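*Asks:* Residue-level listing of the chains:
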Amino acid sequence: MTAAPTPRQGSRPVAVVSFAQAPNVRRDTAHNEVELLMPVITEVLGAVGITKDDLGFICSGSTDYLVGGPFSFVGALDAVGVWPPKSESHVEMDAAWALYEAWVRLQEDDVDTALVYGFGKSSMGDLGKILALQLDPYTMAPLWPDPVSLAALQARALLDRGLATERDFAEVAARSRRSALDNPKAQVAEDRTADELLGDDYVVAPLRRHSLPPLTDGAAAIVLAAGERAFELCERPAWITGIDHRVETHAVGARDLTASPSTAKAAEVAGVSAGPVEVAELHAAFAPQELILRRALGLSADPTGNGSTVVNPSGGPLAANALMAGGLIRIGEAAARIAGGTAGRVVAHATSGPVLQQNLVAVLEGA
Amino acid sequence: MVIEGEQGRERSGMSGAGDEVLTAEHVLEYPYSRSVGPAIGAFLAGLRDGRLIGCRASGGRVVVPPTEYDPETAEATGELVEVGPEGTVTTWAWVTDPAPQHPLDHPFAWVLVVPDGADTAMLHVLDAGLPEAVATGMRVRPDFRPADERVGSIADLRAFVPTAPAAGQVPKAATTVAATRPDSGAVTAVDTPIRLDYHFTAGTAATPYLRGLAEGRFVGQRCPVCKKVYIPPRGSCPTDGVATEGAEVLAGTGTVTTYCVVNVPFAGQSIEIPYICAQVLLDGADISFMALIQEIPAAEVRMGLRVEAVWVSPEERGPTMASVKYFRPSGEPDADYESYRAYL
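Keeping their order, the protein sequence lines are chains A and B. My numbering applies: residue 1 is where the first sequence begins, and numbers increase by one. My numbering applies: residue 368 is where the second sequence begins, and numbers increase by one.
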């Protein structure tokens, strides 16, 4: 039997063995959160031939502000069926952080498998207002700066410091939407050139429409397995050989928005530069953020490949941006390259908070 | 108004009964009143007094808005300082169509401004008329609301505005100040009301239930694995984690499994106290739900009491639990404890 690669952190190798996601759509008018999640969980467990009764741990990521009701994550557990009582936890963050918690939990050898899931329906409320509420409640939130406006401030800083051009933004968007043509779960997929996209109107200048992510209703789930259990469940487990997350100050005005030191630090700890990165799935909801993240991760400038790193072959968040699941989807999409045998070493990134405040980086490898 | 990029595809579907899934508007409003602490309190008091206040942090850096701890080193911050009032724009974003909640109702720029003497930027809006009038590096000054309208809030600063061009202008250094002017009080709290509007989807399972209520019927769903009947159905069996199925029409009769007597008045109460709030297990259901019991003295309500639903008139019924007025004794003998013991 092949051995799992030695992880940089932790004492026990843990792998992604299964990944599933709901179709990403602008508006799902038919299903509540439980109904959105249930087929995803059925699929992710069924793909590796296990049931909820085989799970040692369950962890989810979601936010009640999207749902408009308290403790919505408790109701969402009905999609799993937690009887007899299960060991379970939840983070009010993107489910990539739920995966981190599950990875930590699996370092103890009394459990071998964990289910991680995240869900978010952006269509039910006004994200422009909901996401303003994650800001400083005394000096920022009362002004209601929406996430597009904050990303536009970040984009302008890149432009005015000569670190990027508007064409760079358009090229990120054009490449992402073209890659999404191969992703049946993507929401926005199209073959338009950067030149065409540069004809888009400004939504909040300097961001044109193409640099914004779509508003998405979606959900995703991953099964993690530790040690030998991963090989039992999956032909090619995607081993998490490095994982770390770092946060920067909550004060947006005290940060250099053109850089992402928290991503760089997490990448250093996770060991991104210790080997070639064939694929990187980056949680860059706005096109300019991909440029910041590539620099912070030390990835090559040419994201289309040619012997260097292919960035967001799934289309990334510009093709589908399910809040609270989008970061987990980056890990799932990266792992899928290992499982599919098309890559041997990949990087996944997830972000949380305003304009890349908190960042998680994972390195996944085949055996 | 929703600010968004490309929309892409949608996903619609039919309820379990084959008709359109119900949706409803839902509003959440919170009248938050927040304690602000000494640093933010000084900043807000400064705005009320028409000046910008920061604090000295690690290495002598001046942070604005001030914090109690250095955003990078987490060391306690030092003395309060007055900064600005003029400052320099470090980045900006142009809003052509302001949302109703935005500070200005006409096109404006979001700006990060480093006030003179400060080492960090603060977020606010710039009222400059046209985007052509805005540039990174431009000089701006605060435009405060009239003194009698200022309350100690970030909105006391109406907006930044461009400064008149003046040759040889020298940025002022930060100067140490007392926390608040002796003639005006401290700011200890700030009101930050929020309102969020939602567009709810009932989902495929709950829609037939809600439509049933409009017709004076209880419609549940059955789990294909454990065969239990859930009402209201939420789309899944919480035990087995699979989709519930079918349309189980239940009788309007059931059993009180447990209850309490409500004697406490509260805001928004619509029923006279004391009243009975009970868990009712409908005949044929495997889960009880909360219901009001009327037409019986509170002291006579008991576990095992048999009850029946009393509906509002057909014209008043709708896809809501308000279609059920309450439950009342049905006159049948009490249910045997064993018949509902498993549902307590």
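Incorrect hints may have been included.
The calculated BS3-like cross-link candidates involving lysine-lysine, where the alpha carbons are at most 30 Å apart (straight line), are [to be verified]:
(1) B/K595 x B/K692
(2) A/K52 x A/K185
(3) A/K129 x A/K185
(4) A/K52 x B/K594
(5) A/K52 x A/K86
(6) A/K52 x B/K692
(7) B/K595 x A/K52
(8) B/K692 x A/K86
Footprint (simulated), chain A over chain B, 3 or more residues, beta carbon under 8 Å [to be verified]:
(9) 388-399
(10) 620-630
Hints are computed from structural coordinates only; laboratory data are not their basis. Here the structure is a predicted model, which means the values were calculated and not measured. All residues carry an ideal CB built from backbone N, CA and C; glycine is no exception.
*Asks:* None of the hints should be skipped; say for each whether it holds.
*Replies:* Verification of the supplied hints:
Taken as a hint, the B/K595 and B/K692 pair is honoured in the structure, with Cα atoms around 26 Å apart against an allowance of 30 Å. Taken as a hint, the A/K52 and A/K185 pair is honoured in the structure, with Cα atoms around 25 Å apart against an allowance of 30 Å. Annotation: proposed proximity of A/K129 to A/K185 holds, straight-line Cα distance about 27 Å (limit 30 Å). The straight-line distance between the Cα atoms of A/K52 and B/K594 is roughly 18 Å, inside the 30 Å bound, and the hint therefore holds.
A hinted pair counts as satisfied when its Cα atoms are at most 30 Å apart, and A/K52 with A/K86 qualifies at roughly 9 Å. Restraint check for A/K52 and B/K692: the C-alpha separation of about 40 Å exceeds 30 Å, so the hint is violated. Simply put, B/K595 and A/K52 have alpha-carbon atoms about 19 Å apart, close enough for the 30 Å limit, and the pair holds. A hinted pair counts as satisfied when its Cα atoms are at most 30 Å apart, and B/K692 with A/K86 does not qualify at roughly 38 Å.
Counting residues of the region 388-399 of chain B whose beta carbon lies closer than 8 Å to any beta carbon of chain A gives 5, which reaches the threshold of three, so the coverage claim holds. With a cut-off of 8 Å between beta carbons, the region 620-630 of chain B has 0 residues touching chain A; three or more are needed, and the interface restraint is violated.
Going through the hint list in order, the structure does not satisfy hints 6, 8, 10.
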